[in-house]
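S.K.: Sequence:
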Amino acid sequence: MELAASMLLAYHAPLEAPMQKELTCPACGHSVIRYLNPAPTTDVVIHEPGRGIVLIERANEPHGFALPGGFVDDGEQVEHAAVREMREETGLDVELLGVLGVYSRPDRDPRRHTMSVVFVGRPRDAAALQAGDDAARAAFHPLDRLPQPLCFDHARILADFGRWLAGERTLAPVEPSGEDA
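Under UniProt numbering, the first residue of the sequence shown carries the number 1, and numbering increases by one thereafter.
It is worth saying that the hints were derived from the structure and are not from the lab. Be aware that a few hints might be false.
[As the list claims (entries may be wrong)] Listed next, the in silico DMTMM-like pairs over lysine to aspartate or glutamate satisfying Cα-Cα at most 25 Å (straight line):
1. K21 with D73
2. K21 with E95
3. K21 with D109
4. K21 with D107
Based on the provided sequences and hints, a complete structural model is requested.
M.R.: Written out as structure tokens, the structure is:
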């Protein structure tokens, strides 16, 4: 019981900012509550043994290099969003191998608080790699020679990926899509 209690304390952090904001409706003047929730996103570490991982060079702020990924659309399953974002940003059709982790530090994205489900995937045809959507460039990079600067918390994510490659951590299973379940 003591271990369970300490685990709960480790994951419970005091709120540094209110979870809601009171606004005034411009039409009627009444107070309206806006809930400040993190935006759901997804990233994929696309790995091809012998070639490395795919990074994009961002065309938009913040500039730099990043794992391909993006926002989950309303009503979209996160696994579908991951596959869609990979096609949009890299031209690759990917097979998702598992969930590397969920990354949600409030400061992980300078634009706003996001919460990313990060997958490990492999390309079905690595030769199809091409930049698209908001990626200026897309390329494979060896893990020991990554371009800089890396955006967001992607250095931490890639360190976790390296631990998975070394057999020091596991992946969580990917939930099957509705039609496969």
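S.K.: Look at each hint and say if it fits the structure.
M.R.: Cross-check of the supplied hints:
no. : hint          : verdict
1   : K21 with D73  : 23 Å, holds
2   : K21 with E95  : 40 Å, violated
3   : K21 with D109 : 20 Å, holds
4   : K21 with D107 : 19 Å, holds
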